[in-house]
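Student: In order, the protein sequence lines correspond to chains A and B. Each residue of the first sequence is one higher than the one before, counting from 93 in this note's numbering. Each residue of the second sequence is one higher than the one before, counting from 93 in this note's numbering.
Check the hints yourself; a few may be wrong.
With a straight-line cut-off of 25 Å between C-alpha atoms, the simulated BS3-like cross-links for lysine-lysine are [unchecked claim]: (1) 234(B) x 275(B); (2) 294(A) x 275(A); (3) 240(A) x 275(A); (4) 294(A) x 234(B); (5) 294(B) x 240(B); (6) 294(A) x 261(A); (7) 294(A) x 224(A); (8) 275(B) x 294(B); (9) 224(B) x 275(A); (10) 234(A) x 275(A); (11) 294(B) x 224(A); (12) 373(B) x 373(A); (13) 261(B) x 224(B); (14) 275(B) x 261(B); (15) 373(A) x 294(B).
If you are wondering where the hints come from, they were derived from the structure by calculation, not from laboratory data.
2 protein chains.
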Amino acid sequence: MSYLDRIETCNTYDLNHFRPFSVDGVRVGWIKHGLTEQLNRWPDVFQVMNSGVNIGQQLRSFEQRTEVVRAVIGTLVEEGVIARRHGEMYPVTNASRDDALFLIDRASVAYFGLRAFGQHMNGFVRDNGVMKMWLGRRVATKWNEPNKLDNMVAGGLPYGISLQENLAKESWEEAAIPVELLKRVVPTGVVTYCAETPQGLKPDVIYCYDLELQVDFQPHCTDGEVQEFVLWPVEEVAELVRETEEVKRNCNLVIIDFLIRHGFITPMDEDYLELVTRLHKEPSPF
Amino acid sequence: MSYLDRIETCNTYDLNHFRPFSVDGVRVGWIKHGLTEQLNRWPDVFQVMNSGVNIGQQLRSFEQRTEVVRAVIGTLVEEGVIARRHGEMYPVTNASRDDALFLIDRASVAYFGLRAFGQHMNGFVRDNGVMKMWLGRRVATKWNEPNKLDNMVAGGLPYGISLQENLAKESWEEAAIPVELLKRVVPTGVVTYCAETPQGLKPDVIYCYDLELQVDFQPHCTDGEVQEFVLWPVEEVAELVRETEEVKRNCNLVIIDFLIRHGFITPMDEDYLELVTRLHKEPSPF
Numbered sequence: 093m094s095y096l097d098r099i100e101t102c103n104t105y106d107l108n109h110f111r112p113f114s115v116d117g118v119r120v121g122w123i124k125h126g127l128t129e130q131l132n133r134w135p136d137v138f139q140v141m142n143s144g145v146n147i148g149q150q151l152r153s154f155e156q157r158t159e160v161v162r163a164v165i166g167t168l169v170e171e172g173v174i175a176r177r178h179g180e181m182y183p184v185t186n187a188s189r190d191d192a193l194f195l196i197d198r199a200s201v202a203y204f205g206l207r208a209f210g211q212h213m214n215g216f217v218r219d220n221g222v223m224k225m226w227l228g229r230r231v232a233t234k235w236n237e238p239n240k241l242d243n244m245v246a247g248g249l250p251y252g253i254s255l256q257e258n259l260a261k262e263s264w265e266e267a268a269i270p271v272e273l274l275k276r277v278v279p280t281g282v283v284t285y286c287a288e289t290p291q292g293l294k295p296d297v298i299y300c301y302d303l304e305l306q307v308d309f310q311p312h313c314t315d316g317e318v319q320e321f322v323l324w325p326v327e328e329v330a331e332l333v334r335e336t337e338e339v340k341r342n343c344n345l346v347i348i349d350f351l352i353r354h355g356f357i358t359p360m361d362e363d364y365l366e367l368v369t370r371l372h373k374e375p376s377p378f
Numbered sequence: 093m094s095y096l097d098r099i100e101t102c103n104t105y106d107l108n109h110f111r112p113f114s115v116d117g118v119r120v121g122w123i124k125h126g127l128t129e130q131l132n133r134w135p136d137v138f139q140v141m142n143s144g145v146n147i148g149q150q151l152r153s154f155e156q157r158t159e160v161v162r163a164v165i166g167t168l169v170e171e172g173v174i175a176r177r178h179g180e181m182y183p184v185t186n187a188s189r190d191d192a193l194f195l196i197d198r199a200s201v202a203y204f205g206l207r208a209f210g211q212h213m214n215g216f217v218r219d220n221g222v223m224k225m226w227l228g229r230r231v232a233t234k235w236n237e238p239n240k241l242d243n244m245v246a247g248g249l250p251y252g253i254s255l256q257e258n259l260a261k262e263s264w265e266e267a268a269i270p271v272e273l274l275k276r277v278v279p280t281g282v283v284t285y286c287a288e289t290p291q292g293l294k295p296d297v298i299y300c301y302d303l304e305l306q307v308d309f310q311p312h313c314t315d316g317e318v319q320e321f322v323l324w325p326v327e328e329v330a331e332l333v334r335e336t337e338e339v340k341r342n343c344n345l346v347i348i349d350f351l352i353r354h355g356f357i358t359p360m361d362e363d364y365l366e367l368v369t370r371l372h373k374e375p376s377p378f
C-alpha cells in the first residue's frame, strides 16, 4: 500500500448513486436514490425530481427548514430508514459554517451528502532529536471504526460553537489537555476528502492543528472514548499509515499532511505532487 | 486587497486564447493561437489543427524531439516571435520531471504552456519569541519583476539536476547559505498556480522549503541577482503581501502557504478553506 492508497480510500464514490440536494436552488449535498423515494412522502418539504431534490422557497427561514426537516428525520429514524439521531446539530452549507441555510442532526449529515467540518490535532514531542507523535486508540464500543488509532484529539464541529471553544472542549475530553497548553497550538490548514458510505456521501473538511508538548506530558481520556494513548516515533507512525489499516481512515490523511509539512515525506516520493493536491481538493463534487 | 486576490492574480487565464499541445497524443501544454500559425510552417514537426497542436509519432525519441524543437525555436528567436533563449533546458511533461518526453529551452516553456517546476525557500529566525522572515530584493536589471521582493532563495528547476543539488546551488548563489546549514531545511509541500502571460500559459509547481536560521546569520548574494536582504517580522511580511504589490507575484503564494502552515493565517479568516484548496490545485487545466 502507499500513502496515495490511503487518500484514495477516502475519495472513492460514484455520483451515479446520488441525486443533487439543493435548498432554494443552492446545491448543498447529494442523496442516494433510495432515500429520495422516501423523501417523496413529504411533497410539502421536498421537491423530488429525477434531476435532484430541492427544499423550495415555501420554506423560507432557517428556523422553518430546521424544524420541518427535524420532524421528517424523526419519522425516518423511527422507521429505521435513518439509523439514529446523534443529538448534535450541524450546519447545512456549501460554503463555510457561518453560511448555514439550516441545521440538521449530525447522524443525518452523510444521508444528505452535506459538507461537514471537523478538527483534528496532531500532538507531538521532540525527544532527544527524535520527533514522536501521540495517537489515541478508540474504544471498542465506538459506533464507527472501533479500536482504530486516532489523532491525539479529533472531533466533529457542531453549529454554534467557535473553533477555539470546540478544540478546547475536545482537547480536555479526549486527552486531558488543559487550556493553558493550547496557547501553543498552531492551526496548519485543512485536509479535505469525499467518501461514499453505506449511508451516503461525506464531503468533509478537517481543520488541522499541531501541538508540541513537553516530553513528560501524559494524556489521558476523561470521557471514555479512548482506551489508551501511545507515543511513537514519527517514522513508525508513517510506516503504520502506509503499511497497515490500524489508523482510522480520515486520520491517515491528517497524518500524511503532517508528514509532508514536517519533511518526513519528501519531494523524492514519486507521488509527492499528487499527495499534496489530493489532500486539499475542493471537497464537494459540484 | 486580500490573500485571495494574490492567488487570483496567479490563476487568471482564458483557455479560449489557446489550443492544447500534445506529444504523440499526450497533452502536455497549451499554445496561443498566434504561435500555432507560426508552427504550421514546420508540418514535419507540428501537426497544427483547430483542435490542437501535436508532435506526432514520426518523432519517436526524446533526443529527436529535443533536437528538432530546438532548431524551430532557434528560428523563432531570430525572427523575434519568441523573445529569447535562456540557456537552461526544462523537461516537457504532464506528470513529474522524471517523465520528460523531451527537453526545451526554459525561455520557451510559457510559449508552449508547459508545466514548470521551481524551488522556493522561506528563511526565517525566531528572535525573542518573534518570528521574522528573510526576503531578498531582486536587482533592477531582472528580466521579469525587477525590484520586487523575493523569497530568500527561489529558482527554477532545470532538467538533469536533483532537487537537493539545485537547492544547494541556488542557496549558495542567491544567499551564500553554506551546504551545512541546509541539513536543517524542511521540505513542506508544493504550491501550484496557472497564469496567462503575454507569452502564453504558466502551469507551475513550486516545491516549498522552510529553513530556520540563527539570529546572527547574514545572507548575502554571490551572483548579483539580489540587491539587498531584509529581515522583517512575519506579521509585517503578511501585511506587505496583503496590502501591497511589493512582493513578486508567485512569491506571495509561497508566503501565504507559510502563513497558513505556521498559524499566522487562521481558520478565522473567512477565505481559509478557499486559500488552502486554491494554493494546491492540480496546476494544468486538462
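Student: Which hints, by number, does the structure contradict?
Tutor: 1, 2, 3, 4, 7, 8, 10 and 11
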